[in-house]
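J.: Residues per chain are reported as follows:
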Amino acid sequence: MDSIDILISILGSTIRLSIPLIFTALAGLFSERSGIFDIGLEGKMLAAAFASACIAYLTNNAWAGLGAGILISVALSLVHGFASITNRGNQIVSGVAINFIVAGLTIVLGQAWFGQGGRTPQLMAAGRFGEIKFPYAEELRGSGYLGKFYADVISGHNILTYLAFAAVPISWWILYRTRFGLRLRAVGENPGAVDTAGISVTWLRYRAVICAGILCGFSGTYLAIAQSAAFIKDMSAGKGYIALAALIFAKWKPVPVMFACLLFGFLDAFANFMQGKQVPGIGEVPVQIFQALPYILTCILLAGFIGVAHPPKAGGVPYTKER
Amino acid sequence: MKKSLLTLLAMAAMSATALAADIKPALVYGTGGKFDKSFNEAAFNGAQKFQQETGIEFRDFEPTGDTQGEQAIRNFASKGYNPVVAVSFAWTSAIEKVAAEFPDTKFVLVDSVVEKPNVRSVVYAEHEGSYLVGVLAGMASKTGKVGFIGGMDIPLIRKFECGYEQGARAANPKIEVFQNMTGTTGAAWNDPVRGGELTKNQIDQGADVIYAAAGATGLGVLQTAADNGKLSIGVDSNQNHLHPGSVLTSMVKRVDLAVYNAFSDAKNDKFTSGLQSLGVKDDGVAWAFDDNNKALITPEMQAAVDKAKADIISGAVKVHDYMSDNSCPK
Chain A
1 MDSIDILISI
11 LGSTIRLSIP
21 LIFTALAGLF
31 SERSGIFDIG
41 LEGKMLAAAF
51 ASACIAYLTN
61 NAWAGLGAGI
71 LISVALSLVH
81 GFASITNRGN
91 QIVSGVAINF
101 IVAGLTIVLG
111 QAWFGQGGRT
121 PQLMAAGRFG
131 EIKFPYAEEL
141 RGSGYLGKFY
151 ADVISGHNIL
161 TYLAFAAVPI
171 SWWILYRTRF
181 GLRLRAVGEN
191 PGAVDTAGIS
201 VTWLRYRAVI
211 CAGILCGFSG
221 TYLAIAQSAA
231 FIKDMSAGKG
241 YIALAALIFA
251 KWKPVPVMFA
261 CLLFGFLDAF
271 ANFMQGKQVP
281 GIGEVPVQIF
291 QALPYILTCI
301 LLAGFIGVAH
311 PPKAGGVPYT
321 KER
Chain B
1 MKKSLLTLLA
11 MAAMSATALA
21 ADIKPALVYG
31 TGGKFDKSFN
41 EAAFNGAQKF
51 QQETGIEFRD
61 FEPTGDTQGE
71 QAIRNFASKG
81 YNPVVAVSFA
91 WTSAIEKVAA
101 EFPDTKFVLV
111 DSVVEKPNVR
121 SVVYAEHEGS
131 YLVGVLAGMA
141 SKTGKVGFIG
151 GMDIPLIRKF
161 ECGYEQGARA
171 ANPKIEVFQN
181 MTGTTGAAWN
191 DPVRGGELTK
201 NQIDQGADVI
211 YAAAGATGLG
221 VLQTAADNGK
231 LSIGVDSNQN
241 HLHPGSVLTS
251 MVKRVDLAVY
261 NAFSDAKNDK
271 FTSGLQSLGV
281 KDDGVAWAFD
291 DNNKALITPE
301 MQAAVDKAKA
311 DIISGAVKVH
321 DYMSDNSCPK
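From first to last, the protein sequence lines are chains A and B.
Mapping of the first sequence onto the working numbering: residues 1 to 323, in sequence order.
Mapping of the second sequence onto the working numbering: residues 1 to 330, in sequence order.
It should be emphasised that the hints constitute simulated quantities derived from the structure, not laboratory data.
These numbers were taken from a predicted model, which means no experiment stands behind them.
A portion of the hints provided could be inaccurate.
[Stated by the list, open to error] From the structure, some residues in chain B lie toward chain A, with a derived Cβ separation under 7 Å:
hint	residue
1	Gly33
2	Lys34
3	Phe35
4	Thr184
5	Pro192
6	Val193
7	Asn201
8	Asp204
9	Ser314
10	Val317
11	His320
12	Asp321
[Stated by the list, open to error] Chain B side only, calculated, beta carbon under 7 Å to chain A, not exhaustive:
hint	residue
13	Glu197
14	Leu198
15	Gln223
16	Asn326
Where is the CB? At the ideal position from N, CA and C, for every residue including glycine.
Given only the sequences and the hints, what does the whole structure look like? Please build it.
T.: So this is what it looks like as structure tokens:
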């Protein structure tokens with residue numbers, strides 16, 4: 001196996017590992033750009049994973065699972081909105097509350113319904129999003145590196161993977177080329193000005209958190225019924241927080257968000273691959289070093305290369321109309 | 001004086017009823033969760049069997065973190081549960097402490113050793129069982145490459161890997177063995193996504209039989225192998241039924257037996273402390289053969305693995321134990 005084959009294998013793995021991060025970071029993008037900090041991304045993703053696995057198991061239909069995931073995630077977004085927009089509560093507290101509730105509730109409900117220790121039953125093929133093979137992928141695999149790249153990196157993922165990459169330009173277009181996007185960005189910088197123009201700050205922010213909910217629904221569904229075949233307790237495993245880090249890393253811009261997520265995914269895939277391998281000149285490097293590598297690199301990149309990241313100015317501040 | 005005599009009498013009467021009454025067994029799982037379809041579930045099945053046969057109820061606890069085990073064990077002991085069975089090497093120091101605090105309670109530790117007069121330690125010769133499935137993997141592999149995915153990176157899991165590698169090499173001296181560990185914390189027992197990703201990685205490198213010794217993480221390994229049309233090997237419980245036709249076999253470790261024996265020995269007053277080591281010859285570890293994998297095991301493979309088993313029992317083949325010197329012969 002030569003180095004280009006290895007690279008292709010790692011790139012394929014990178015894409016699979018990046019998808020939940022991309023969806024979640026875009027969710028955070030919509031919410032935070034409107035001035036609502038969303039630390040509850042993790043919880044929404046987990047809830048969506050649980051709901052999609054349950055419904056996909058009951059209906060044996062992956063699309064029904066996706067619908068359920070989105071529905072529950074939007075519902076949680078509205079709770080976050082109700083607490084932090086309508087009632088002007090602390091956004092961090094509300095988000096953390098969502099994370100805690102979901103982490104506990106999914107296990108309790110899973111145990112009560114299925115009796116498998118918080119796990120949902122394994123799904124059959126129809127209940128999952130299967131791999132999509134692009135035309136001629138198998139034929140081209142043998143014909144050089146480009147063919148292999150086409151077969152293993154471009155082809156052979158599930159529909160949600162392609163949707164994630166489609167979501168990036170769509171998000172960019174919505175944020176930068178539509179009236180709604182302009183107002184959404186404005187409300188995150190200066191809600192007073194938006195209000196003066198006669199536009200409802202509350203309704204704008206609600207729409208932003210609903211967008212976040214939909215995207216978190218996709219990421220949770222991907223975890224449970226595309227990447228795996230069941231819900232497992234705590235399966236989001238901190239991905240919501242990593243997505244937040246990617247968002248800061250990318251300075252709240254959609255296309256850089258995608259690259260930041262791909263970078264995190266690549267480091268993860270690279271760490272998986274490098275376990276137990278000989279490094280020229282050093283010998284076998286302990287597994288732990290590679291597992292720590294993504295975090296070390298994040299620190300270095302954040303501290304040394306990215307520069308100051310300015311969050312939206314009105315982020316985290318509940319809007320109060322002047323009396 | 002009179003009063004204290006009365007108290008003494010009352011206490012004697014109470015302890016008499018306690019003797020006559022049934023035992024109160026308790027079970028503390030490892031952190032992978034009770035229904036991991038693997039290690040912890042095997043322990044649960046053993047306890048369940050005891051309950052069905054005797055009608056004696058048991059209490060169990062699923063610690064979700066490394067710090068909860070000691071609490072749970074102490075809690076059971078202080079409430080008068082006896083015997084208290086803890087499955088997982090992670091509770092070694094916990095048992096050591098709590099067993100000293102409650103000298104009259106009987107403790108059983110699975111997968112690790114604590115030398116105390118009231119502790120029975122049950123360990124398995126996983127290297128022998130892994131050797132057997134390694135022989136099967138070596139014969140079943142068409143690419144000459146097989147994989148191993150471990151849970152947490154600890155000597156015990158290296159012991160599985162080392163036995164497996166030796167078995168695969170015995171079947172095919174030129175075989176290449178890939179190995180990956182899922183992580184270095186308890187979370188590594190419950191991370192099927194990473195397990196699946198590591199599996200895909202090994203498949204991309206050419207492996208076509210992959211052995212998972214990783215608790216619930218293994219579910220992701222078996223799933224990915226099935227999705228990609230490769231073979232996998234389950235662990236601890238018989239996992240052949242999870243993906244019939246894709247799971248080549250399972251390295252069955254009779255944790256259920258350890259739990260069942262602990263409970264029934266305590267009930268029949270035959271409890272012994274000290275070390276119990278269960279190997280291939282005691283059927284403490286074995287390879288699983290049933291209707292689900294019948295089609296995958298050729299007569300030659302069966303003959304080879306039966307021979308390997310006989311050789312291990314007779315001593316003709318000595319499988320190196322990684323934990324004896326923390327290294328694996330290449």
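J.: Of the numbered hints stated earlier in the document, which are not met by this structure?
T.: 9, 10, 11, 12, 16
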